[in-house]
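Peer 1: Chain by chain, the residues:
2 protein chains.
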Amino acid sequence: MRPVHVAGIGKTAFGALAGRSLKDLAVEAITACLSDAGKSPSDAEAVYVGNFDAPSFTGQNHLAPFIAGAAGIHGVPATRFEAACASGGSALFHAMQAVASGSYNNVLVCGVEKMTSQTTARVAQILAGAGDAELESNIGATFPAIFAMIARRHMHQYGTTREHLAAVAVKNHYNASLNPHAHLKKVITLEQALAGKPVAEPFTIYDCSLVSDGAAAVWISSEPAAIRIAACAQASGPVSLADKTDITTLEATRLAAAKAYKQAGIAASDIDIAEVHDCFTIAELIAMEDLGFIEKGGSGPWVASGATGINGSLPVNTSGGLKAKGHPIGATGVAQICDLILQMRGEAGPRQVAKANTALAQNLGGSGATSVVTILQRN
Amino acid sequence: MRPVHVAGIGKTAFGALAGRSLKDLAVEAITACLSDAGKSPSDAEAVYVGNFDAPSFTGQNHLAPFIAGAAGIHGVPATRFEAACASGGSALFHAMQAVASGSYNNVLVCGVEKMTSQTTARVAQILAGAGDAELESNIGATFPAIFAMIARRHMHQYGTTREHLAAVAVKNHYNASLNPHAHLKKVITLEQALAGKPVAEPFTIYDCSLVSDGAAAVWISSEPAAIRIAACAQASGPVSLADKTDITTLEATRLAAAKAYKQAGIAASDIDIAEVHDCFTIAELIAMEDLGFIEKGGSGPWVASGATGINGSLPVNTSGGLKAKGHPIGATGVAQICDLILQMRGEAGPRQVAKANTALAQNLGGSGATSVVTILQRN
Chain A
1 MRPVHVAGIG KTAFGALAGR SLKDLAVEAI TACLSDAGKS PSDAEAVYVG NFDAPSFTGQ
61 NHLAPFIAGA AGIHGVPATR FEAACASGGS ALFHAMQAVA SGSYNNVLVC GVEKMTSQTT
121 ARVAQILAGA GDAELESNIG ATFPAIFAMI ARRHMHQYGT TREHLAAVAV KNHYNASLNP
181 HAHLKKVITL EQALAGKPVA EPFTIYDCSL VSDGAAAVWI SSEPAAIRIA ACAQASGPVS
241 LADKTDITTL EATRLAAAKA YKQAGIAASD IDIAEVHDCF TIAELIAMED LGFIEKGGSG
301 PWVASGATGI NGSLPVNTSG GLKAKGHPIG ATGVAQICDL ILQMRGEAGP RQVAKANTAL
361 AQNLGGSGAT SVVTILQRN
Chain B
1001 MRPVHVAGIG KTAFGALAGR SLKDLAVEAI TACLSDAGKS PSDAEAVYVG NFDAPSFTGQ
1061 NHLAPFIAGA AGIHGVPATR FEAACASGGS ALFHAMQAVA SGSYNNVLVC GVEKMTSQTT
1121 ARVAQILAGA GDAELESNIG ATFPAIFAMI ARRHMHQYGT TREHLAAVAV KNHYNASLNP
1181 HAHLKKVITL EQALAGKPVA EPFTIYDCSL VSDGAAAVWI SSEPAAIRIA ACAQASGPVS
1241 LADKTDITTL EATRLAAAKA YKQAGIAASD IDIAEVHDCF TIAELIAMED LGFIEKGGSG
1301 PWVASGATGI NGSLPVNTSG GLKAKGHPIG ATGVAQICDL ILQMRGEAGP RQVAKANTAL
1361 AQNLGGSGAT SVVTILQRN
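As given, the protein sequences belong to chains A and B, one line each in that order.
Note that the working numbering has the first sequence beginning at 1, numbered continuously upward.
Note that the working numbering has the second sequence beginning at 1001, numbered continuously upward.
The shape of chain A in the complex, shown without the other chains (with noise of 0.2 Å):
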C-alpha cells in the first residue's frame, strides 16, 4: 500500500437550498473540488459517489454516471455507494483503497444528498430505511426514537445527564455560527437547547441533527500533496439495536478506529481535531469514548467541560457538525474531510484551532451498522 493524498476539496454551503438540484449542487461541489486540486475533468481514473437514498428523495438513481457526466467526467467508472448516513465515508474509504493499492492514481469522490423537496413525514420514512425496516421502523422505532433509548441507557449505566447532551448542542452551535457554509448559524445556550420542543425523551429540537441539501467533493491522489489520508476504514455491526449486546457503545466505530489507528500508527491520544457524526448529542457523546478520546462511561463531563470546544485540548466539530453545519446524508462523510482540511490548512477562519497536524472523521450509518474513520496528516 503506498501513501495516498488528498490533492482538492469543494463543497457547497449546507441549508434548505430551495431551487438548487441535487446535480446542480454535486457539479458545483466537483467544479470547486477540481480547480482546488488544479485538475480537469479528464485526470478522473474513476467516480466514486456516496448517497444515501437519491431515488426515494429526488427521483433519480443510477447517479453516478449521473453525476459524473454533468461534471463533464465520462467513459471511466462512475459508482454510487450506499452504506447508509456513512455512504460519503464508504465511497471515501473505497476510492482510498482504489489508489493505496495501485488500481488508480487518480480518482473523485462526491457526496450529495437533496433532502429538502420532500414532506417532513416522508423524510422521516426514508431514513427510518437505515434502521431494520421490519424490527424497527415499521413499527415505529424511527432513528429519534432509537438514539433516544441509547441516550437513556447511558444516562442510567454512566450518570450521564440532559445537561451533557445539551453542552453537545450548544458547543456545535456556537461553531457553526463561525462557518458561513453551515446551514444553522444559530447561537443557543444551555437553557433554551434543555427548553426545546421535545422529540423522543430525553431529546428535545436541539437534540438532532438537521434535514439538509448540499455537497462536497475530494480529489484523491497517489500524487505527493500537503496531506496525507494515513488511514481509512470502514466497518460493520449489527443493522437493528435488538442484536446489539451493549447499546451505549458502537462496535463498527471501535472496529475501525482499531483498525485506523494500527494503519496510521497512532494513537487516539495523537489526534489533534476531530470531525464526528453527531446525528443526535448522544452519538457524539459515545464517539469520544468508542474513538478512544476518553474513558467509557466519561464523556458526559468531559464534553461539558469544554474540553472539546474549539480552544479545547481536542476540538470536535468545529464544522458545526451534523446537528449545526447540517447533515445532507451522502454529503456528510466527505464534507467532514472537506473541513478538517481547511483547519489542517489554517483556513479555517474565525473557527481555527490551534494546531491541527493529525485529523480524525468518523461517519456513520444507521445506529452502527456501518462506521467509517480516516486519519489525515500532514506531510
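Just so you know, these hints were derived from the structure itself, not from any lab.
Here a beta-carbon is modelled for each residue, glycine too, at the ideal position from N, C-alpha and C.
Any given hint could be a false lead.
[As the list claims (entries may be wrong)] Dumping the calculated DSSO-like pairs for lysine-lysine here, alpha-carbon to alpha-carbon at most 30 Å:
| id | chain 1 | residue 1 | chain 2 | residue 2 |
| --- | --- | --- | --- | --- |
| 1 | B | 1039 | A | 259 |
| 2 | B | 1039 | A | 244 |
| 3 | B | 1244 | A | 39 |
| 4 | B | 1262 | A | 39 |
[As the list claims (entries may be wrong)] Covered, in the sense of this in silico footprint (three residues per stretch, anywhere, with C-beta under 8 Å from a C-beta of chain A), are these stretches of chain B:
| id | region |
| --- | --- |
| 5 | 1008 to 1017 |
| 6 | 1075 to 1083 |
| 7 | 1089 to 1099 |
| 8 | 1282 to 1296 |
| 9 | 1317 to 1326 |
Given chain A, put chain B in place with the hints provided.
Peer 2: Same frame as chain A, now just chain B:
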C-alpha cells in the same frame, strides 16, 4: 495485479416469489455460495452487495450490513453498490479489483432484488429512475420507450427486422425452458413473439425482460481455483439518450469490452460462450455488435441464423437471459457469472454447450450509462 478466482457460486430460483423476503433470498444465495466454495461466513474479508433500489421496492436500505449480518458475516466492510441494472456487475468489478490489487484475499459478492411486491405501475416508476428523471422518465420516456427508439433506429439504419428481434426472444425462451432456476419456462414460436401484446412499437411483450425476485452470490478469492476472472472492466456513457451521438451503439459497452479484452489478452473471437444484458431484444443484438462478435449492423440476420443458439458457433444467454430466466435487477450481473460457471464446469444439464473454456458476461445499466464486461477462463 495478481490472478483472481471465482471459488464458489450460489443462486436462488428467479421468479415472482411471494412470501420470500429480500433478506431471505440473499441469505439463500450466500449460504449456497459458501457451501460451494467450502468457506464459512468468517472467511469473508469484505461484502459487496449489488442492488438497484431495495428502499423503493421493499423499504429496506443500508442493505449490505443488513444482508451480511443475516448471513452470519460480522464486523467487516459491507457496502452496497448501485449502478442501475449493472449494480451486480459493478459490485463484482470492485470486488475483483480489491482482490487483484491485494487489499483482500477472500470476499463475497451478492446481488439481490425483490421487485414483485410492488404494483406494475410503481415498478415502472422505480425503474425509470435509472434514466434521466428530468429529461426522460418525468415526461413519459420509460425504458421500453427508450429501447424501442433504439430498435427503430437500428431497423432504419441497418435493415434489422421485427423477426430478428423476435428471434432473440424465441431463443431465450427456449433456453430458459431448460433452466430449472428460470422465471419463465414457456417455449414460444416466432409467430407468438410477433403477435404478442404491443408494448412500445416495435416491441411486443416478448421483446421485454421480466420483473423478478431473486439473488445470486459468488466467492472471489486470490487462492487457486478452477476458474479465473481474466478481466473485469466497468465503463460509463451518457445517462440520457439525447446525449448520445449514435443510439444504435452503446459507448460504455465498447469501452468496457476493449479494456476487458486487453486485460485478458484475448480477442472477441476467443469467446466460447456469453451471457449478455438482454433487457430488451434489441439490447442483445446491439451487444453482439458492441462486444465485437459480429460487424456493426449485422447482428439481426446473424442471431436469426441460429449462430447464438446452444448448438451455435457462439452460444449466448443459454440461461434464458433477462428475457426468460428473469431480471431481479441487482442479482442479474452476479447471476450471469453463476450461469457461465455452470457451463464452464459442465454442470448446465440439458442446456450444456460443447465448449466453455472462455466466457464473457456483459451487464448494462440504464440505456448504457454503465456497462460491465467480465471474462472468465478455465485454468
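Peer 1: Hint by hint, say whether it matches the structure.
Peer 2: These are the hints, each one checked on the structure:
Distance check on the hinted pair: residue 1039 of chain B and residue 259 of chain A sit about 24 Å apart at the alpha-carbon level, within 30 Å; holds. Between residue 1039 of chain B and residue 244 of chain A, the direct Cα distance comes to roughly 26 Å. Compliance with the 30 Å bound is thereby established for this hinted pair. Between residue 1244 of chain B and residue 39 of chain A the CA atoms are separated by roughly 26 Å; this keeps the pair inside 30 Å, and the hint holds. Among the hinted pairs, residue 1262 of chain B with residue 39 of chain A is consistent with the structure: their alpha-carbon atoms are about 28 Å apart, no more than 30 Å.
Taking a C-beta to C-beta cut-off of 8 Å, the region 1008 to 1017 of chain B contributes 0 residues in contact with chain A, too few for the three needed, and the coverage statement is violated. Residues of the region 1075 to 1083 of chain B with a Cβ under 8 Å from some Cβ of chain A number 9, which satisfies the need for three, so the listed coverage holds. Check on the region 1089 to 1099 of chain B: 5 of its residues sit with their Cβ under 8 Å from a Cβ of chain A, so the three-residue criterion for coverage holds. Residues of the region 1282 to 1296 of chain B lying with their CB closer than 8 Å to a CB of chain A number 0, which falls below the three-residue condition for coverage.
With 0 residues carrying a beta carbon less than 8 Å from a beta carbon of chain A, the region 1317 to 1326 of chain B misses the three-residue requirement, and the given coverage is violated.
Going down the numbered hints, you'll see the structure goes against 5, 8 and 9, while the others check out.
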